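For the record, the sequence lines run as chains A and B.
Residue numbering for the first sequence follows the working numbering, starting at 1 and increasing by one per position.
Residue numbering for the second sequence follows the working numbering, starting at 1 and increasing by one per position.
It should be emphasised that the hints constitute simulated quantities derived from the structure, not laboratory data.
Take the hints with a grain of salt, since some may be wrong.
[Unchecked claim] For the chain B half of the interface with chain A, some residues (derived, Cβ under 8 Å), not all of them: (1) Ala34; (2) Ile55; (3) Thr57.
Nothing here was measured: the structure is a model prediction, and the numbers come from that model.
Note that the Cβ used here is the ideal one computed from N, Cα and C, for glycine as well.
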Amino acid sequence: MAEEKHHIISYQKLLGVLGILIVLTLLSVAITEIELSRWATIAALLIAGIKSTFVLLIFMHLRFDQRIFRVMVGLIIALVLVVIFITMLDFMFR
Amino acid sequence: MSQVHRDDIGSKMGMWLFIFTELLLFGGLFITYAVYRYLHPEAFHLASQELDVPIGTINTIILLISSATIAMSVTAIQQKKKKLSLGLIAATIILAAVFLVNKYFEWGAKFDHGIFPGSEYLDQLGYGDVLFFGLYFFMTGLHAFHIIIGMVVLGFMYVYVKNDRLTHDNFQLLENGGLYWHLVDLIWIFLFPLFYLIA
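Based on the sequences and whatever the hints tell you, model everything.
Given below as structure tokens:
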């Protein structure tokens, strides 16, 4: 079959990413337990963003897939963010 | 033997298109959440303290591990390690079941305290609490529904790998099943801080 060779992700790499994800989870819990300001929420969301980037790139294989997949996912994430942003603008300034 | 036509990239792209619709579905719910939280910050803050952070954290870690095991099962099948791949798929399904059991106890505790949609106790608490718990039950419930579907999907993958319908050079379906499972994990990554970790 004339398919290009499929990239195989090693177990070590997957377990390494899992370790990072667990540490980040505990970090976001710790931050919100200690610091009770709105910045803690922003930090927790930022950490969630970093975690999802790891999941998308490694677990969901985007880093090793054809570029079209990264472009598509990037556009959809941008679309979701723009929709959230515009809705919040409309809501706050109407 | 006749060559069966197969389009792995097209198959994967179809899976991603479906995932996009899921992202938009949950994206809409997150907007609803953001607006109501903006309107009722105190009620959301107090109501979220009713939620069990340790159980939420444990469930987060369970989902992360299950995401890693299904990704490893794809690696295993590519290395022609069928037994390992089957074991890792089974582990993922078991972890999903553990997640649901925790969810059952978590929701059960809420019900025991009289907290469920439409309960008298919740009505007395006020509008913000009704909205918080309404969104909590709907969004985590919809997520749990995805977990159940994911378990069924991965159950099929287990059978396919066992029957050699999926092999080291034909595993796209398993990867697609894995993508769905990672999506479930991805949604929880945002649900967890937004409901359990409100500062």
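query = Holds or violated: alanine 34 of chain B as interface residue toward chain A, Cβ cutoff 8 Å?
reply = holds (7 Å)
ask   = Close enough to count: is the Cβ of threonine 57 of chain B nearer than 8 Å to one in chain A?
value = holds (5 Å)
ask   = Does the interface hint hold: is isoleucine 55 of chain B within less than 8 Å of chain A, judged Cβ to Cβ?
value = violated (12 Å)
Figure legend: structure checked against the earlier numbered hints; the only hint not met is number 2.
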